[in-house]
Amino acid sequence: MRQRKGRRHTVSKSRYGYFFIAPFFIVFAIFSLYPILYTIFLSFQSWDGLGLVNSVGVKNYERLLKDEVFYQSLWNTFRMWMMNFIPQILTALVLSAVFTFHRIRGMRFFRAAFYLPNLITAASVGLLFNLLFDGDKSAMNHILTKIGLLEEPFAFFNSTVFASGLVSYIQWWMWFGYTTVIVMAGITTVDSGIYDAAMVDGATRTQTYVKITLPMIRPTLIYLSITSIIGGMQLFDVPATLTNSLGDPRKSILTTAMYLYNQGFRNHNYGYASTVSAGLFVIIAILSALCMSALQKKEREGQ
Amino acid sequence: MTKMSRRFFKGMIYAFLIFLLMLSVVPFYLVMINASHSSFDIVTKLNLWLGDALAENYRTMQTHVNIWRGFANSLLISASYTLLTGYFGAFVAYGFAKFDFRGKKILYGIVLASMMIPSQVSIIGFYQLNLKLHLLNTYWPFILPGIASASTVFFMRGIITQSIPDSMIEAARVEGCGELRIFNRLVYPCVLPGIVTMCIFNFVASWNSYIGPLIIVSDSRKYTMPVMISMIKGLYLTNYGAMYLAIAISVVPIILVFCILSKYIVNGMTVGADK
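Chains as they are written, first to last, in our numbering: chain A, 1 to 303; chain B, 1 to 275.
Careful, some of the hints might be misleading.
As the list claims (entries may be wrong) - Using 20 Å as the maximum straight-line C-alpha spacing, the simulated SDA-like pairs for lysine to any residue come out as follows:
#	chain 1	residue 1	chain 2	residue 2
1	A	Lys13	B	Pro165
2	B	Lys233	B	Asp219
3	B	Lys222	B	Ala79
4	B	Lys132	A	Tyr34
5	B	Lys222	B	Leu135
6	A	Lys59	A	Tyr34
7	B	Lys105	A	Lys59
8	B	Lys222	B	Leu144
9	A	Lys13	B	Leu129
10	B	Lys45	A	Leu144
Everything labelled a hint here was simulated from the structure, so no lab data went into it. Please read these numbers as outputs of a predicted model, since none were measured by experiment.
Whenever a hint applies, use it, and build me the whole structure from the sequences.
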């Protein structure tokens, strides 16, 4: 009798489990899952945002595969991500080595200051750098001509190389502090006794860091790479606010997220914009998988 | 290493750190400085110290764009969103941490996987959803998703598992306390410090979000701060000083919050990431 009562007790308790988790799944289903499913559905339709939705079969996908702007936007996005991610992870590794192995006065202050740009509204950052560089009489042209690096003002936003490089720089600038903090958190989980052992064996600090610390924090590095590529391939705010939101000069900073936004909300081509979304989603999934398997393969080789 | 070369090495390190510090801080400094200069000053020379045109820039800015309305709109959205993430993050996390039920592993797997979903790729569906629900030009599409904040659930589940013993909940049950009451009166107050840490991040993320408000809100009186800032150039203003001032106003609150809370922010970030 007693036992049965006890069992009934657990049953009613487990029902409360569903009660507590229900809000998440209801809101997730409406605001996340439905939009994804509807985007996939719409990628096979044509819709101008007001009128009727018409099925067009795979026509949108045929168009996507032949769309040069789509490919260019993917390449732009990937290039700008690479050009920011590699310097970013290198800076973070150097900084975290410095902070871990040397007693730096004001370490917390430096770390906090490096992290600050990460918190600032990306739209404000875009406009800020636009104002700093745009035009002959911009602040950067004043600075660079004054210190003699430039003979005469340079039209920064006429140069595709410069615009693309600036987006990468801004992304690096916004994220290297964050990455440093995360790498340092990974390093603190490594047992410090292991360093003493290596030092006793005569290893230098640099050797210890490269041969022992880095392999130990591989999970952290995988986490950083995957989240960075998922975020980086969706890049929108900075390039959209840095120039005229069409990705100029000459579409050099047009990212795929900007392209799909423009297809949908400027041209009212919601069907095709959904197809671009689906294409981008597939690319992100492939890149994350590649990234994951590359880093895990290294792990197997290392052992 | 000799003493000399060690000192030199240390000097190099500090030089490197100070160089990065300059890169991080100088753009903000230039914004503040230029916000107090007239447009003419800004285009004719390099300004490194405060000017005297702050009041004039402020007047110019106010006649073109009502920045404080954007500020209030963003504050309303971010505060509501943050409160929801805090309460429901802990609420859902409590369900996962302290109850056993069928399918729990799979359901928690969905929560974790949802953190990896690239949200920008479903904006077309998101727009259509809000069109259908008649939520365009309202703030609900940015506030309600706070109920389903996966990262907050993930973070709070760890805290609840660690800091709330089962015996405490059992004791409350024996006393005849209802399940909802147990959460509201017992669990929630206990984990409030953790919730506050998480809320700082959620607030910043909501304050900075751009593409959502850009597609949902077309009524200019309802623009959020980032949307307003992105439209300032060309649409409203040609006065550089006033534009710099608008950026400064959008940036300063975050810098102030950061200066006060940086200890919690930098420590809080690492809790979820190192596991």
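Open item on the list: Hint compliance check: list the failing hint numbers for this structure, sorted ascending.
Closed with: The structure conflicts with hints 6, 7, 9, although it agrees with all the remaining ones.
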